[in-house]
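*Asks:* In case you want the letters, here they are:
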Amino acid sequence: MTDAVKETKAQRVERLKREKNPWEGLEEIRNFARQGFLRSPKNGLAPTSVGGAFTRRATAAVLWVVKTAKARHCPISWFESASPTEFSPHANFAP
Amino acid sequence: MVRIRIPNGILTSRQLRTIAQVTDQYARGTADLTVRQNIQLHWVTIEALPELMEALWEANLNTLGACGDVTRNVTGCPVAGIDNEELCDASPLALDITNALAGNSEFYNLPRKFKISIAGCRAWCSYPEINDVGLTAITRTSRGRSEVGFSLRVGGGLSADPFLAPRINAFLRQRQVIPVVRAIAEIFRDSTDLREHRERARLKFLFLRHGWTPERFQYEIEQRLGYRLDPAEVEHPPADVYRDHIGIHPQKQEGRFYLGATVLRGRISAEQMKAAADLADRFADGHLRTTNMQNLLIINVPKKNTDALAKELAAIELPVAGSPFFRGVVACSGTEFCKLAITETKTFSRWLVEELDERLPGFDQDLKLHVTGCPNSCGQHWIADLGIEGKKMKVDGQSVDAYYFCVGGSLGAHASVARPVGYRCTALEVPNAIERLLQRFHNERGPGENLRRFFHRHSDAELRSFLAGEIVEPVERDPAPGPIPHGLEANS
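Quick mapping for you: the protein sequence lines, in order, are chains A and B.
Here the first sequence is numbered in our numbering, starting from 51 and rising by one per residue.
Here the second sequence is numbered in our numbering, starting from 4 and rising by one per residue.
One chain only, chain B, in its complex shape (with noise of 0.2 Å):
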């Protein structure tokens, strides 16, 4: 597998051609767009890597620290610099942080993965709060002079036991970012406990298990900037906000939109990449960004160009609209490709679309609907509406596809980890089950429930009964898995 390190998400047409040449020319014309805006391919032969290598190099494409005990892609809102509701462009500081940590000699042996994220929009669309390090736009007014900096959280991470980033008292000047990151990955390097265990070696265990508090994690910092941060504003964190980048939707700069395009469950051709390239040289200026809900988008499309380019990108199957389950779907590599996944996920994912769409036509609510193939959560269940996280079950002596059920994750202001309502059934149940609790919610619901309210007023005893149709028993997650190996790893 080579994955291919994309900061912030920002890619050029030539970029994207070449990618598309090289899944063509390397990998069986098979891609896949990541949660971390990364796109990676799979079947590639170490023979070919030097010359796969040294035609992303040529253009400016790299997969250094796209992998490994290192500082992984960093993520940011992927219409940085053009949302016209953003409180800053905090784009360049991602791609600052990337040439910061990313090849620094300094920080190529951290105790596990460190993750980034920096979103100057009002939606915190990076899911900053899941992040070793999560950023986000704040303004403050002193002596009648807005300014806008961050706020910070640390320690963030899904995998098997997630846990949301706990925010730190601090507002971060933007001169002040690269130091403040850089001193955590510094303390992050440092900390010789985490590297006892590869499965408790994330940042998120010096809370969950060394007794760090926000305050101990901020004083280390303080530490070794050798100066004190200013304290934190109050923040208004996005509530119940979904924001697929789906759609045509108008740019901060005049007369200029971006339209999003579904990437199915993220998995993209060459000759789709190709085409999407072609077609952002042809109506607009050849600038395209990925997502972290592995979509593509194009950007700076004249006003005239975008019904007609709207209409090539369905052509190529990659429409700017969708239902909430062809939108919503998220999923992992699942066991085509990931030696850790315990179910497949990818062709499952689009069966379960195509069945919720038939079953559940005129659904109506914006749903993050994750596939995960095994307990480390690559496909972010816990953060979903619905998430399902991949199992085995015996079904007359065979040992099928199945999947454990969490429900009513969020992030945010109703930051919340999705509950495991202890239900599980086989993949091929699966449509079964989410039609009954959705038809559930359609009949049930309050005027102008959520989805998320829905589920919070309902116990997870109801919840599984909903699923399964009748009152069950509830069945216990699948113990967390063991070490990861070194060398493996979960594909985000």
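So that you can see chain A by itself, here it is in the shape it has in the complex (with noise of 0.2 Å):
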């Protein structure tokens, strides 16, 4: 009996490129843009990444909960305005 040998980053990387030629991945972008971001691969569209956008999960999540909590009429506000990671002489380090 073999132990499975547990592919590493780098090697998960490389298959994937070797697996699809990612200038001709126009074509699934258009696929998930119409399907929506929640149906987007779960490591995001890296294979596709050479066409010149990658996904922030985190930030295409926030705008899917911005565009539910619009729908149900919640309070988003704080959404809305700047990043909440900006830099704030005041408000980060107020002593």
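Just so you know, these hints were derived from the structure itself, not from any lab.
Check before you lean on any hint, since a few could be wrong.
[Stated by the list, open to error] Okay, the calculated beta carbon distance ranges per label pair: (1) A:Arg-62 - B:Ser-108: 20 to 26 Å; (2) A:Val-55 - B:Glu-109: 29 to 35 Å; (3) B:Asn-107 - A:Gln-85: 26 to 32 Å; (4) B:Thr-195 - A:Lys-70: 16 to 22 Å.
[Unchecked claim] Chain B regions said to be covered by chain A (calculated; three or more residues, Cβ under 8 Å): (5) 107 to 115; (6) 196 to 202.
Positions of the beta carbon are idealized from the N, C-alpha and C atoms, including for glycine.
Fit chain to chain and form the complex, with the hints in mind.
*Replies:* Dropping the structure here:
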């Protein structure tokens, strides 16, 4: 019996790149666009990132929450302000 | 994030207007000019991508190869073709290289990103030394005939392991540029050793980890070309050239000028882009350029229009003048948009500039002040006079943004990576530290001494004490970050 050899991160990336020529991934982006973000692959659109776009699942998830919250008439004003990580000498570093 | 590739930074008003329109429509009205002359948008939803990309294509713009393990945007001197001192206009070659490699299925699967820069100017303002392939124009004379060709450097890169590209002993004739670049891309593609670790996959690691020398690299190139390259010419790299292209400058074309507008730390709104495009049409012939110091140029401006255009640019907060801090600050995306970042950089940089302007109003030295939100150096802190690298520090039990100082980076004749001087402080303390350091320079500099020389004649301990205002023990830089996951990219 042989133990399954765990794929390293680099090996996984190389496998993904070998499997699909990302120059040809545009149609995939179109399909995901039609289906919506939540149907996009778990690892983002990594194989198609050479198309010049890559996802931030977290960002997109926030957008989805905003959209949902809007639909349900929830208060969402804090989502629409500047990024919560934005530097502010007063807010972040007040003594 | 959507990164729009702009080879050599060459842009028309129509294209900029399109970018403004998609920025307004899909990216919450904000875009960033990057250090590779790209423009990138954030907040774009996947549902918006098809329409956005179609709008870009219609304007003859695209995003192909702007991210991923491929040839990235080919950078070049932003005033190629109009610079009255350039050795040659290298921008057609930048476009030829783009056409040869981007979208070419032979080169879609490289071990990692592959960066090329080609400069026909004397200032090397596109930073060839920090690219995987750096080409700089040089003249040789043989049998009484003068010929402009290129010097070649390979394997440069910053990130957590900065390495300035070594020169190859070759003079490239202009017609040899594409075959040589292609041969280097093949060498990179076929280097299976580089595919074992994502964090050690850039071309420079052939030198840093696998024992390659410039001579070995040249041998490999020549093997693929099937002929020997001519030996290199003696070159004279530019010394202490600060060229941010800001201001009003005469072009080589009689009666024409270019105006360099400061885009503070690269952040630009859809309204500003649209206004700049309109101004380029109204006062010139609709041609613009982006620069690798995150600025925007309007070119081919008749002399009679320069003052009026400068005023209009100032009115939209893209001034053609500014303090050394305002002009010299460069910042990566930071935590606002980048998953790798440790600190927020864009708002911090604006605040830092305001603080320094207020504290040091008469400061008269050109200064590269680069802010990077993590060790990956997308803000290029390793080549700055003052480069600061994002960290976290605990203050009263809370984790806050902080920066580690690297001092005295330079390219050209005095090429040297900035020295990590062992000082770090909270983001809030950074203006105090820089003020102390620059006051010291102001008070103690010798006649004609510039920042680089001042930093060079002081030890790390001295510079650290200038920054801290007292003698302090050095702190180590944090170790390099772990492997970068596929699909994540530093924002350059």
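*Asks:* Against each hint, give a clear statement of whether it holds in the structure.
*Replies:* Here's how the hints hold up against the structure:
| no. | hint | verdict |
| --- | --- | --- |
| 1 | A:Arg-62 - B:Ser-108: 20 to 26 Å | holds (22 Å) |
| 2 | A:Val-55 - B:Glu-109: 29 to 35 Å | holds (30 Å) |
| 3 | B:Asn-107 - A:Gln-85: 26 to 32 Å | holds (30 Å) |
| 4 | B:Thr-195 - A:Lys-70: 16 to 22 Å | holds (20 Å) |
| 5 | 107 to 115 | holds (count 3) |
| 6 | 196 to 202 | holds (count 4) |
Violation of the numbered hints given earlier is absent; every hint is satisfied by the structure.
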